[in-house]
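Participant: Chains as they are written, first to last, in this note's numbering: chain A, 376 to 698; chain B, 376 to 698; chain C, 376 to 698; chain D, 376 to 698; chain E, 376 to 698.
Because the hints were derived from the structure by calculation, they are not lab data. Among the hints, erroneous ones may be present.
Claimed, not checked - Computed footprint of chain C on chain E, listed as stretches where at least three residues anywhere in the stretch have a Cβ under 8 angstroms from a Cβ of chain C:
#1 542-556
#2 632-641
#3 667-677
As the list claims (entries may be wrong) - Mimicking DMTMM-like on lysine to aspartate or glutamate, the simulated pairs with C-alpha atoms at most 25 angstroms apart in a straight line are:
#4 C/LYS446 / A/ASP577
#5 D/LYS446 / E/GLU547
#6 E/LYS694 / D/ASP603
#7 C/LYS446 / A/ASP603
#8 B/LYS663 / D/ASP603
#9 A/LYS663 / D/ASP603
#10 B/LYS581 / D/ASP603
#11 D/LYS663 / E/ASP525
#12 D/LYS581 / E/ASP613
#13 C/LYS663 / D/GLU634
#14 D/LYS446 / E/ASP525
#15 C/LYS446 / C/GLU420
#16 B/LYS663 / A/ASP603
#17 B/LYS693 / B/GLU596
#18 D/LYS581 / B/ASP437
#19 E/LYS694 / E/GLU560
#20 A/LYS446 / B/GLU547
All C-beta atoms in this analysis are idealised placements derived from N, C-alpha and C, irrespective of residue type, glycine included.
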Amino acid sequence: MLINCVLYQEGRKVRDIPMDENSCWTAEHEDSFVWVALKDATPEELAIVQRQFGLHELAVEDALHGHQRPKVEEYGDTLFAVLHTVELTPTDELTTGEVDIFVGRNFVLSVRNRSRQNLLQVRERSEREPHMLRHGPAFVFYALMDAVVDRYFPIIDRLETELEQVEDQMFEPGTSQANIQRLYELKREIGTVRHAVAPLIDAVHKLFSGRVPAVCENNREYFRDVFDHLLRMQASLDNLRDTIGTAIQVNLANVAIEESVVNKRLAAWAGIFAVISAFAGIWGMNFKYMPELEWHFGYPLALATIAIVCVILYRQFKKSGWL
Amino acid sequence: MLINCVLYQEGRKVRDIPMDENSCWTAEHEDSFVWVALKDATPEELAIVQRQFGLHELAVEDALHGHQRPKVEEYGDTLFAVLHTVELTPTDELTTGEVDIFVGRNFVLSVRNRSRQNLLQVRERSEREPHMLRHGPAFVFYALMDAVVDRYFPIIDRLETELEQVEDQMFEPGTSQANIQRLYELKREIGTVRHAVAPLIDAVHKLFSGRVPAVCENNREYFRDVFDHLLRMQASLDNLRDTIGTAIQVNLANVAIEESVVNKRLAAWAGIFAVISAFAGIWGMNFKYMPELEWHFGYPLALATIAIVCVILYRQFKKSGWL
Amino acid sequence: MLINCVLYQEGRKVRDIPMDENSCWTAEHEDSFVWVALKDATPEELAIVQRQFGLHELAVEDALHGHQRPKVEEYGDTLFAVLHTVELTPTDELTTGEVDIFVGRNFVLSVRNRSRQNLLQVRERSEREPHMLRHGPAFVFYALMDAVVDRYFPIIDRLETELEQVEDQMFEPGTSQANIQRLYELKREIGTVRHAVAPLIDAVHKLFSGRVPAVCENNREYFRDVFDHLLRMQASLDNLRDTIGTAIQVNLANVAIEESVVNKRLAAWAGIFAVISAFAGIWGMNFKYMPELEWHFGYPLALATIAIVCVILYRQFKKSGWL
Amino acid sequence: MLINCVLYQEGRKVRDIPMDENSCWTAEHEDSFVWVALKDATPEELAIVQRQFGLHELAVEDALHGHQRPKVEEYGDTLFAVLHTVELTPTDELTTGEVDIFVGRNFVLSVRNRSRQNLLQVRERSEREPHMLRHGPAFVFYALMDAVVDRYFPIIDRLETELEQVEDQMFEPGTSQANIQRLYELKREIGTVRHAVAPLIDAVHKLFSGRVPAVCENNREYFRDVFDHLLRMQASLDNLRDTIGTAIQVNLANVAIEESVVNKRLAAWAGIFAVISAFAGIWGMNFKYMPELEWHFGYPLALATIAIVCVILYRQFKKSGWL
Amino acid sequence: MLINCVLYQEGRKVRDIPMDENSCWTAEHEDSFVWVALKDATPEELAIVQRQFGLHELAVEDALHGHQRPKVEEYGDTLFAVLHTVELTPTDELTTGEVDIFVGRNFVLSVRNRSRQNLLQVRERSEREPHMLRHGPAFVFYALMDAVVDRYFPIIDRLETELEQVEDQMFEPGTSQANIQRLYELKREIGTVRHAVAPLIDAVHKLFSGRVPAVCENNREYFRDVFDHLLRMQASLDNLRDTIGTAIQVNLANVAIEESVVNKRLAAWAGIFAVISAFAGIWGMNFKYMPELEWHFGYPLALATIAIVCVILYRQFKKSGWL
C-alpha cells in the first residue's frame, strides 16, 4: 500500500507523485530526490519502484519475503537496509515487524511490514527542517533509522522495570516459581530485542567508519550517533541477560533454602509429637505392676510431664531457629 | 553413480556426455561448460573426472572418504566445496549427508553422498533460466549451495517448534523429566545443524569479500545472499541453544519446587495424623484415675475434640498453602 | 550552573570570564585557553558555550539529555568525552553521575551532572603546576579524566572488602540466604561500576595509540596511564564477577549440604522414637497370655530394655555422623 | 637412542649415516637431505645433531626438557615443531608423549619422547613414494605431522563412543552417580586431547597462510590439509565438551527427579500407615462407653473399615502417580 | 634499599658504583652498561636513579606506589616493565610481590617490592656467562623476566597437585563440603596466578613480534621463549579453572545423590517401623471379641508374624538398594 511518494528539491517538497506515473520520477534536477513510503507492499508496487530506481533483484526479493535479519547491504550505488521494529501488543507481548529501506543517489524508499507504528512523524519533522532535508536521501535514511532505533528504548526500559519488580520480591518466600517463570519470559523477550539490535551494530558501523558508502559520506556523525545508541542498548541488554541468569540461579537457591526451612519445621513438630506418642505408648503398656498408674494424681502428673517436655523441646527448637 | 553429465553453451544445453567418452569434454568453446552430477561416486568415476578436469589429489581424496567438515578450498584455479545436507528420516531423526562440489573455469562437478534428497530441481530451474545459467559454473555453484542451505530452514523451524512445545508444558507439574529429556535431544540436534552451518559461514565469506576466487568474481552478490541466510540460521541456532540452556535450568528449578510442594503436603498430613495419634495415645493410657474415661459421653466428646483439632489444623495448612 | 570560567595563558590564570560576556572568549592569544566548568547546565548555558566554541549539535544534545554511555568522540577538531562518576550515597548505595567534557584547540568545557563530588581540586592542583598546565586543554582533559577514574578505585576496594566479608562467613551454617542476597546485590553494583569502566577502555585507547586526535598528540603517555588504570580496574571487576558466580554456586551447595545434615538428624531421631513406639505398642497389645506382663519387674525391665536400645542406636548414629 | 639416520637424494635413499660420523652429513649435493629419527634422545645425541645442523640453543633445550606445549617456531631458516602424541595405555587411560621435529633446508630431525607408538611406517611409506619424497624435508615434516595428527582421530572416536554409552543409560534410574563420574573423567580426557590439538591449529595455520616459512613454501596445500583435520577435531572436541556440560546438568536434574519420586512414595506409604495407626489408636482408647467395642462383629468390621480406607488411599495415590 | 649497582663492560664487571656517586654512571664507554638492583626502594633512591637515567615521571610514580598490573611500556627509548612475583608463605598461602624493571640503552634497573625471593642468582649466572651478558641490558631484562616467570611453574604444579588430591576423594561420601571449600580456595589462588600471567602475555608479545622496541631487537628469540612459557602456564590455568568449575558441579551432584541415599534409607526404616506399630496398634484395640487375643500362643504368633513381615520388607528394601 502506498503511503506517500513525494519529490523534494533543495530540502523542500515539490509535489506528490502518483504511483502509476510512468515517466522517470527523479530525472528533473540534480539536487532533487524522491521519498517513497510503502506499507505491506504488494509485488506489483515493488515491481514499479524496482523499475523506477533500478533496484537489485535480490534486495527486492528480500523486501518481498520479509523475515530477514537486520542488515545494511550495498548493491552498486544503492544501499539496502533491513531494520526490525519491536512493539508491545495491547496484551503486553512483544511483536516484531520490519522496515526495509532502499537509499540511492536521488531516492529513498521505505517499506514497512507487520508493524502498527507508522513513520509519518519522521516525514513531518523532516519537512519542517528543510536545512536538514537538503542533505538528501542519506539524511532521510538516518532519520528513519533513528526513529526505528529510538523506539527500542522504551521497550528496554520496560524490560528493566519488570526485572526490578521480580528482584523486589525475589527474597520473599513462596515467590520462586512465579519469579522463575517471569524471568524465563523476560529472557525470551530480551532475545527478541537483541535480535533487532545486535546485527545492526556491525551494519551501522560500516556507515561511518572505514570505507563509507558514497551516499552516506557527508552524514557520518549522524550514523555514529545511531551506532552509539545501539551500543548503549546492547550494554543494557547484556546486563539484563547476565542479571537474569544470576537471578534464576538465586531463585533456585531460594527454593532450596525454603525447602530447608520447611524440612526443619517438619522435623521439629515430628519430634514433639513423637515424644507425646512415646510417653503415651509407655503408659499404655499392659504390665501388671506399673505403680504410677495406680497413683491418684498419676494421670494429671503424666499430662503435666508430657506438656513440660513438649514446651522444653518447643523452646529448644525455637532457639535454634527450626520453628 | 552418474546422474547427469551435460555440456552447456551460452546458458543452453548442448548435449549429454557419456561418462566413458575419452575426448576432452570441455575443449569445444570458450563460453561452454560441463555440469556433472554424481551420487555416491565410486573411485573409478572420480578417477575419470579427476583426469578430465585436473582435480587436485587431496580434494579427490576428501570427496572419496567423505566425513569432511563443511569448507571451501582453492586448489589453483579450482574451488573445492564441502557442504553438509541435513535431513529428517521417516522416524523423525536427523541424519547428515554430504555434497562435494568442484568448480573450475569450465566445469562444475557435484558429488552427493549419504543423502536421499536430490538436486535435480536445481538443474531444471537453471535450464529454464538461460540468462542466469550463462553466468557459468559460478552460478551453478551458487544455485547448488543455495539449494542445500535453504533446506536447513525447515529443519531449524522444526527445532524451534519442538522447543515451543516443551515451553508450553514447562510449568505444568510432573513434566520435568520428559521436558529435560526432550531438551537434551533437541540440544544434540541443534549441534548437528550447527555443525553444518557454522564452518560454512567463514568459507562463504571468502567468496564475496576480500580477495575473491576468480571464478566467483562476478557473482559476489549471490554468495553474499547465501552468507546472509547462514548468518540468520546461526542467530536462530545460537538463540535456540541459549534458550535450551536456560530451559534446562528452569526445569531443574521446577523439580525442586514440585518437591517442595510435595514435602509441605507430606508435612501437613503427617502433622494432622500425629495429632490424632497423640490424643488417642493419651486416652489409651492405663492410669487408674482418668475421670473423662468414665463419662458417659467421653468417647463421642473425644472423637469430636480430635475432629475439631484436625479441622482447625487442616484449615490452617490450607490457608498457608501447604495443602 | 556556572562554576568557573577562566582564561589561562602560558599555564597561568589571566582572568575570570563572566558567562554573559559576548566577545569571543579565546581570541586573545595563541597559547591561551579558556577552561569552563558547568554543573547541571541549563539549555541556555549550553547554548552560550556552543556558540562561543562552535560545538557540534549532536554532542550538545548528548550533554543536555545525559544518560549517555562513556565514550570519546571526535567532531572535527573538537573532542567530546562522556565519563560516568560512581559515588556512594550516605545510605551506602551506588549512584552514577555524568561528566561531559568538550576539548578544543583553545578551550576545555566540563559539564557535571547528578554528581555530588566536585572537580575543584583538579583546577587547584593544575593552577599550582603551571609547567603542566601550559600543555593546554589536553592536559586539563587528562587531569579531569584522571580525577574521575581514580575515584573508582575506592569503590572497587569496597566491593572487594564486601566480598571478603561474605567469604569469611560463607562456610558457616545458616548464612546461605543472607550470603546469596548480598552476593546478588554485589553483582548488581559491580555491573554499575563496569558500566562506567568498560566502554571507556576502548575510548581512551584511541587517545594514545594509532591515529591520535591532534589535540592529544603531545600527551599520549598521560592517557596511556589512565588506560592502564582502567585495565587494572577491569581485571579486578572481572575477577570479582567471576568469584561471585562461583560463590553463589558454593552457597547453593552449602544449602544442600546443610539440608542433608538436617535430614540425617531427622532420620536418626525418627528412628529412635519409632523404636520406643514399637516396643510400647507391642507391650500394649491385649493378648491374654503375655507372660512378661505378669512379672513383678516387667515394667522396669521393659523401660530398661527400651532405654538400652535407644542408647545403642544413639551411639550408632553419633558414630556415623548423623547426630 | 638413534632409530635411523639416512641420506636421501632426489627422493631415494643413498646410505645410512652412523651417528658418530664426524664429516658434514649433508654437504654432498644440492637436492639431498638427511632424515634423522631419535627416540628419548640423550643430551650427547642432541649435541651431535645440534652441531651437525646448527640448531638453536633454545630449541635444543626445549627438546631436551620436553613438556612443551605444541608449537611451530622459526629459528632463522630452521623450523622447530613440538607435537603431542596421545595414546591409550593397556589399562585404558590416556597418556601423552611428545614428538619434536627440526626442519632445515637439507635435514629433518624427529625426536620422539615418552611414546610407545613409532613413526617407522612414515619412513616406509615415504620411501615407497620417491616422487613425493623428492619434495624434500618439508614433505617429510608434513608426513610426520600427518601421522601424529591422524592418530588423534581414533582417540576422539573412542571418547564419542563413551559419551554415547553414558547417554544411553542416562535416563535410567539409579545410574546418575556412575554417569557423573564417567562424564567427569571423560571431560578430563577431552582436556588432554584438546591440549594436543588446540595450540597446533594456530601453529599450522602459519605454514600455509600469510608469510609462509621458506622451507614449506611448495607444500602449502598439504599443511592446509592437516589444518583442516585439526579444525575438524576441534569442532568434535568442542561439541563433546559442550554436550558433557549439559549431560552433567541433566544427570543432576535426574538425581533431583528420582529423589522426588522416592519422596512421594515415602509420603504415600507414610499416609496409609498413619491412617491404620490412627484408627487403631482410637479403638485402643480406654473410654468406658465405646459401644462399637461391645459389638460381636466389631473387630472384623473395624479391620474391614481400616482395610477399605487403605485400599481407597492406595488407589488414590496410584492414580496420582505417587505409588 | 640498594642491593647492587655495578658497571659492566663487554659482558664483564668493571666496578661497583656507590649510590651517592654524583658523576654520570654510564658515560664511560659505548658498550658498557650499569645494572642496578633496588629492594623496597625509597623515594630518595628512586629520585637518584631517575636523575641518572632520565626516567619518565609516570613510570617512577608507578614504581613508587606499586600495585600495578603486569605490563611493559615504552617511554621514549626506555622500557618500563612491571612483573608480579607469586610466592608461598610458610603458612601455605599465596602472596604477590612486584618487580619493576627499567631498561635503557646503557642501564638496567630492577626494583623488587614485597617479595622474599631475591634475584641474586640471576646476576651470578649472568656474570658467569660474559658471552651472554655482552648482549647488554636487553639480555639482563630477559634473564630477570625469565627468573620471575619460571618461578610460577612450581606454584602452578602445586595447584594441580591440590586439585588432584580433591579429585581423588571426590566420589567418597561425606567429603563434599570439604571438597567444595578447597575447590573454592583453589579457584581464588588460580585467580591470583592468572593475574600475574595473563596481562604479561600481550606485553611480552610486543617484545618479539611486530614493531619491537629498539633495545630488544637482537633478543627476540629469548622473549619468544618467555612468551611460550607464559602461554603454557595460561593453558594450564585455563584448564585448572575449567576443571574446578566442573568439579564444583560434580560435588553438588554428589551432595544430592548422598541425600537421596539417606532419604531412601530413612523411608525404608520408617516403613518397617510403621508396620510394627500398625500390627501392635490393631492388637492393642479394646474390642470385646477379638478371638486371637484369647489363644494361648497368640502373643508369640503375633510377634512371629510381625518379625516375618519385617524380615520380608527388609529383604525387599535390601534388594532394591534402599538399605
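Participant: Do the alpha carbons of B/LYS693 and B/GLU596 lie within 25 angstroms of each other, as the hint requires?
Facilitator: violated (67 angstroms)
Participant: Run the distance test for C/LYS446 versus C/GLU420: straight-line Cα separation, threshold 25 angstroms.
Facilitator: holds (23 angstroms)
Participant: What's the verdict on C/LYS446 and A/ASP577, does the C-alpha distance respect the 25 angstroms limit or exceed it?
Facilitator: This hinted pair holds, its Cα atoms lying about 18 angstroms apart.
Participant: Given the proposed pairing of D/LYS581 with E/ASP613, does the C-alpha separation stay at or below 25 angstroms?
Facilitator: holds (24 angstroms)
Participant: Verify the proposed pairing of E/LYS694 with E/GLU560, using a straight-line Cα cut of 25 angstroms.
Facilitator: violated (41 angstroms)
Participant: For D/LYS581 and B/ASP437, compute the direct alpha-carbon distance and say whether it is at most 25 angstroms.
Facilitator: holds (22 angstroms)
Participant: Can the restraint linking A/LYS663 and D/ASP603 be considered satisfied, given a maximum Cα separation of 25 angstroms?
Facilitator: violated (92 angstroms)
Participant: For C/LYS446 and A/ASP603, compute the direct alpha-carbon distance and say whether it is at most 25 angstroms.
Facilitator: Holds, because 9 angstroms separates the two Cα atoms, which is no more than 25 angstroms.
Participant: Given the hint that B/LYS663 pairs with A/ASP603, does the C-alpha gap stay at or below 25 angstroms?
Facilitator: Between B/LYS663 and A/ASP603 the Cα gap is close to 90 angstroms, so the pair fails against 25 angstroms, i.e. violated.
Participant: If you draw a straight line from the CA of E/LYS694 to the CA of D/ASP603, is it 25 angstroms or shorter?
Facilitator: With a Cα-Cα distance of about 53 angstroms, the restraint between E/LYS694 and D/ASP603 is violated, given a limit of 25 angstroms.
Participant: With a cut-off of 8 angstroms between beta carbons, are at least three residues of the region 667-677 of chain E near chain C?
Facilitator: That given contact holds, which follows from 9 residues of the region 667-677 of chain E lying within Cβ reach (below 8 angstroms) of chain C.
Participant: Check whether three or more residues of the region 542-556 of chain E sit with their beta carbon closer than 8 angstroms to a beta carbon of chain C.
Facilitator: Result for this restraint: holds, n = 5.
Violated hints, in rising order: 5, 6, 8, 9, 11, 13, 16, 17, 19, 20; the structure is consistent with all others.
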